[in-house]
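Trainee: Chains as they are written, first to last, in the numbering used here: chain A, 1 to 120; chain B, 121 to 918.
Keep in mind that the hints were calculated from the coordinates and are not lab data. Note that the structure is predicted; figures quoted are calculated from it, not measured. Among the hints, erroneous ones may be present.
Straight-line alpha carbon distances no greater than 20 angstroms define the calculated EDC-like cross-link-like pairs of lysine to aspartate or glutamate that follow [said to hold, decoys possible]: (1) Lys74/A x Asp11/A; (2) Lys68/A x Glu31/A; (3) Lys85/A x Asp777/B; (4) Lys74/A x Asp831/B; (5) Lys88/A x Glu869/B; (6) Lys68/A x Asp831/B; (7) Lys68/A x Glu858/B; (8) Lys88/A x Asp777/B; (9) Lys85/A x Glu858/B; (10) Lys68/A x Glu869/B; (11) Lys85/A x Glu865/B.
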Amino acid sequence: MELQVGTRTQDAVTVVDVAGEVDLYTAPRLEEALARVSPAGPPLVIVNLARTTYLDSTALRVLTATLKRVREQKGEIALVITQPKIVKLFAITGLDQVFPICGTEGEAFGRVRAHLPRRS
Amino acid sequence: MSWWFSGLSSESAVNLSESAVNSQGSVQAPADVPARSAASAAAPPAPAQAHAKGVRLGIRGKIAAVILLCMVPLLILGAVLYYERTQERRNLVLRTQQDTARGLAADIEMFMTNAVHAERAAGAAVLSQPYPVDGIVQLFAAIRAQDPAFLSIALVLPEGRVEAADPQDDRSTRVDARPALASVRRGEEWAVGPPFPVEGHPGVEVATGIRDHGRLLAVVDSIVDLSRLGTVFTALAPGTDGIIVDRTGRIVLDLRRPDRPPDAFWQLPPVQRALTGQAATIDAYHDPLTETRQLGAAVPVPLLGWAVILLEPESVALESVWQAASQELGWILAVAGLGLILAWVLGGELSAPILALARGARAIGRGEIGYRVSANRSDELGELGTAFNEMSAQLHRYVGEMNALQAVSDAALSTVRLRELLPTLVQQIVSAIQGDGGTVWFADETTGDLAPTGFGVGSAGTTRRLRPGQGLAGRVAARGRSLAVSHPEALRILDPDLPAQGVHAAVSVPLRAGGKVIGAIQVFSRQTREFQPREVRLLETFADRVALAVDNARAYERQQEIAGIIQEVLLPAPSVRFPGLTIAGRYRPSREVGGDFYAIFPLGEGRVGLAIADVSGKGIPAATLSARARYLLEAFALDARSPGEVLERLNTMLVPDAEVGMFASLFYGVLDLTAGTFVSANAGHLPPFILRAGASGPAPLEVRGILLAVDPDARYPVVETRVEAGDLLVLFTDGITEARNGAGEQFGERQLAGLLASLRHASPEDIADRVMDAVARWTGTGPADDQALVVARAQSPE
Numbered sequence: 001m002e003l004q005v006g007t008r009t010q011d012a013v014t015v016v017d018v019a020g021e022v023d024l025y026t027a028p029r030l031e032e033a034l035a036r037v038s039p040a041g042p043p044l045v046i047v048n049l050a051r052t053t054y055l056d057s058t059a060l061r062v063l064t065a066t067l068k069r070v071r072e073q074k075g076e077i078a079l080v081i082t083q084p085k086i087v088k089l090f091a092i093t094g095l096d097q098v099f100p101i102c103g104t105e106g107e108a109f110g111r112v113r114a115h116l117p118r119r120s
Numbered sequence: 121m122s123w124w125f126s127g128l129s130s131e132s133a134v135n136l137s138e139s140a141v142n143s144q145g146s147v148q149a150p151a152d153v154p155a156r157s158a159a160s161a162a163a164p165p166a167p168a169q170a171h172a173k174g175v176r177l178g179i180r181g182k183i184a185a186v187i188l189l190c191m192v193p194l195l196i197l198g199a200v201l202y203y204e205r206t207q208e209r210r211n212l213v214l215r216t217q218q219d220t221a222r223g224l225a226a227d228i229e230m231f232m233t234n235a236v237h238a239e240r241a242a243g244a245a246v247l248s249q250p251y252p253v254d255g256i257v258q259l260f261a262a263i264r265a266q267d268p269a270f271l272s273i274a275l276v277l278p279e280g281r282v283e284a285a286d287p288q289d290d291r292s293t294r295v296d297a298r299p300a301l302a303s304v305r306r307g308e309e310w311a312v313g314p315p316f317p318v319e320g321h322p323g324v325e326v327a328t329g330i331r332d333h334g335r336l337l338a339v340v341d342s343i344v345d346l347s348r349l350g351t352v353f354t355a356l357a358p359g360t361d362g363i364i365v366d367r368t369g370r371i372v373l374d375l376r377r378p379d380r381p382p383d384a385f386w387q388l389p390p391v392q393r394a395l396t397g398q399a400a401t402i403d404a405y406h407d408p409l410t411e412t413r414q415l416g417a418a419v420p421v422p423l424l425g426w427a428v429i430l431l432e433p434e435s436v437a438l439e440s441v442w443q444a445a446s447q448e449l450g451w452i453l454a455v456a457g458l459g460l461i462l463a464w465v466l467g468g469e470l471s472a473p474i475l476a477l478a479r480g481a482r483a484i485g486r487g488e489i490g491y492r493v494s495a496n497r498s499d500e501l502g503e504l505g506t507a508f509n510e511m512s513a514q515l516h517r518y519v520g521e522m523n524a525l526q527a528v529s530d531a532a533l534s535t536v537r538l539r540e541l542l543p544t545l546v547q548q549i550v551s552a553i554q555g556d557g558g559t560v561w562f563a564d565e566t567t568g569d570l571a572p573t574g575f576g577v578g579s580a581g582t583t584r585r586l587r588p589g590q591g592l593a594g595r596v597a598a599r600g601r602s603l604a605v606s607h608p609e610a611l612r613i614l615d616p617d618l619p620a621q622g623v624h625a626a627v628s629v630p631l632r633a634g635g636k637v638i639g640a641i642q643v644f645s646r647q648t649r650e651f652q653p654r655e656v657r658l659l660e661t662f663a664d665r666v667a668l669a670v671d672n673a674r675a676y677e678r679q680q681e682i683a684g685i686i687q688e689v690l691l692p693a694p695s696v697r698f699p700g701l702t703i704a705g706r707y708r709p710s711r712e713v714g715g716d717f718y719a720i721f722p723l724g725e726g727r728v729g730l731a732i733a734d735v736s737g738k739g740i741p742a743a744t745l746s747a748r749a750r751y752l753l754e755a756f757a758l759d760a761r762s763p764g765e766v767l768e769r770l771n772t773m774l775v776p777d778a779e780v781g782m783f784a785s786l787f788y789g790v791l792d793l794t795a796g797t798f799v800s801a802n803a804g805h806l807p808p809f810i811l812r813a814g815a816s817g818p819a820p821l822e823v824r825g826i827l828l829a830v831d832p833d834a835r836y837p838v839v840e841t842r843v844e845a846g847d848l849l850v851l852f853t854d855g856i857t858e859a860r861n862g863a864g865e866q867f868g869e870r871q872l873a874g875l876l877a878s879l880r881h882a883s884p885e886d887i888a889d890r891v892m893d894a895v896a897r898w899t900g901t902g903p904a905d906d907q908a909l910v911v912a913r914a915q916s917p918e
């Protein structure tokens, strides 16, 4: 399945929707979309992987690099994951320990917003 | 009359052909607006109405409409002529009838004159000598016998007494009611009386006076049979009726219809006119006896003051007229039909190439660049078709050029496939500049010789190795400048081999990368032709991109080579034996070398370390990271007791590498053969399978930990599991489970588990081979990602 990446901004939170497969060949597009997220203040990012069917190690690298960058800029990132395969991938790699992982977008909004007042 | 008819018809024929020419003329020059508006003003604007209703008229319909409009005055003229000619024919018929009637009238006069002469002769004869009455009667009988028209003859004395008569009956002897006799006695020379039917014969009284020096001696009074009239009456056509009326209008004789009432024509105006001495035609007389319309004529019989009427049923009289008329109508309609057919054919002739052009335009719109329409016409439409084809061909050439350049740009991005793509690319550029073949040479880095690459198309010059400056390509490579040779003689001097191979013109451009000439491309033509500057520039652009792609590919190949060397140096032998343990390891690198590795190393005291890892990324960075990870792992493993501790230390060392965005998944376990335990920790790697000797299928060895080089504070828990003799451990990377088939489906852990279950009694060597084979069959082509597999089985102590 072809990768579709869409970006939208809602209440200062950037939501990146990722649908399809992210692999060695399509990961650059996800990387590009995430690189464009550069607000004035601390970045608040939600990557919605609810419609993502496959992630390979390149994709994980893009996500961990983004996590590193967002945290360095005192922002927060949360992932929305519902697909069992993706849930399992995050469990195996242990990345569920470093990424806030949510079942719904609403929950993810709660996580990144909760981060904001604490910082300001 | 006949020349008028023929003259008229030839004139109308000329008109017809002229208007046909006119209509064609106006169709072929449709921009002739005044002519068209005049035509539409002269006739009902049918096409305009059709437009108003939204009906679409094609070219064919419009031409038909224009020709039809042009034919309208013609048709009106035809109708007028047709009407006039029909009237003319009708008048001719009426005149003929009048002539016939005159003939009848003359007949009657002659008949009567003859009767009077006969009477006078008879009278003179009987009065010349003193004939006895018997003699007179005998003479009269003889006269009657000779001329049966005399029904009776009587000799009447001036005082009114009948002297002699034949026959001796009332009709001869009774003379009291005889108007003709009375007239003669009053002084007339002769007289004719009113109808005097005798025994069914249409008789009439004729009296002639016999005089001597003006003194009336006697009167010969006879009844004559009008049915004995001459041949004109009897020769009348079967449907035609001849009627004689006397001066009062009463019917004296009706040849065909004796039962007609005597006063049937009394008040008919033409008859009245005839009785006044003027001939007249009878137009549309309704005959009450036959209920038919009849035509005819009434002419006077001047001698008697009578009239002759001729009547003929209209249908019979005008039959020939209608026949001629319908024939002419047929001609008019045939000409009109011919005009329409002409319009249809002409319209088709004009619209077919236009429709073909429309189809062509759509075809090009759909992307069938180079679509051609047939243009075998000598007129403007043919010119349009030729222009269309030229446009299409140009478009095809431009698209071909663009595609050739685009394709080589794409190929430059996908450096791996350059060698596969290059022949197709050369083919594309050769057809884009319309050559017959092309050759690519790469320069040997040490000698500078040009070696043919085998990426050419067409046979000429593909196999030769050229020294610097030798031949066209060698010269181009040596000077670094393009050269196009269009003249066969010049080509013979520059590169004698090419004309020998049938090449008439050639163009060669250098391949330049990083300021160095790395080869040359040459395109040749087997026909004498000139390579345009535009084409040379196109070939140069192509060459620049090919050179870039080749340079990229070479750099990439070198990198791959180095990465492959690192990887191979790192890998342990595929088969390792330890007392009480059989181990098989397999590694199959993807085309782009990745960072998978496995390690098997003894730790002393009957312990063996087993590790499998997947470093993210490809090429040299991945290979070097995996080398570092592997050496550090072995070093820490010898040092530390717990796998968790080993991974924590390894993570701490590798975290700085995450600066470049890299990480690694790694599973590490220590198998203690004497204690029968396997203690392991997992840094984000796929859990290995353990297939116990007594179990039906493998189970994952679950212990979780985060990927290496992500979290500097990561902690790795360990898990300890019992390993009995015969138990099988299988470690693998995601290159195995995520290998995809043609449909994009992954090989998957479930399939791997099933395969392992079916191979549980095989040796680790066999299991490793079978698993690798199954995955290779699944993907069909080479692996997209590195594949690593370790299979280990504990053996029962011997």
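Trainee: Next pair to validate is Lys68/A with Glu869/B; report whether the Cα-Cα distance is within 20 angstroms.
Mentor: At roughly 31 angstroms apart (the allowed maximum being 20 angstroms), Glu869/B and Lys68/A break the hint.
Trainee: Need the status of pair Lys74/A, Asp11/A: alpha-carbon distance at most 20 angstroms?
Mentor: holds, 18 angstroms
Trainee: If you draw a straight line from the CA of Lys85/A to the CA of Glu865/B, is it 20 angstroms or shorter?
Mentor: Judged against 20 angstroms, a Cα distance of about 14 angstroms means the pair holds.
Trainee: Would you mind confirming whether the straight-line C-alpha gap from Lys68/A to Glu31/A stays at or under 20 angstroms?
Mentor: Roughly 13 angstroms separates the two Cα atoms, so the pair holds.
Trainee: Check the hint pairing Lys85/A with Glu858/B against an upper bound of 20 angstroms on the C-alpha distance.
Mentor: Distance of about 12 angstroms is within 20 angstroms: holds.
Trainee: Tell me if the straight-line CA distance from Lys68/A to Asp831/B falls inside 20 angstroms.
Mentor: holds, 10 angstroms
Trainee: Is the Cα-Cα distance between Lys74/A and Asp831/B 20 angstroms or less?
Mentor: Answer holds: Lys74/A to Asp831/B is near 17 angstroms, not above 20 angstroms.
Trainee: Is the hinted pair Lys68/A and Glu858/B satisfied, with a Cα-Cα distance of at most 20 angstroms?
Mentor: violated, 27 angstroms
Trainee: Could you grab the alpha-carbon distance between Lys85/A and Asp777/B and see if it respects the 20 angstroms cut-off?
Mentor: Given pair Lys85/A, Asp777/B is violated - Cα atoms ~28 angstroms apart, limit 20 angstroms.
Trainee: For a C-alpha distance cap of 20 angstroms, please report whether Lys88/A and Asp777/B respect it.
Mentor: Violated, at about 26 angstroms.
Trainee: When you check the alpha-carbon spacing of Lys88/A and Glu869/B, does it fall within 20 angstroms?
Mentor: holds, 13 angstroms
Taken one by one, the earlier hints fail for this structure at numbers 3, 7, 8 and 10, listed in ascending order.
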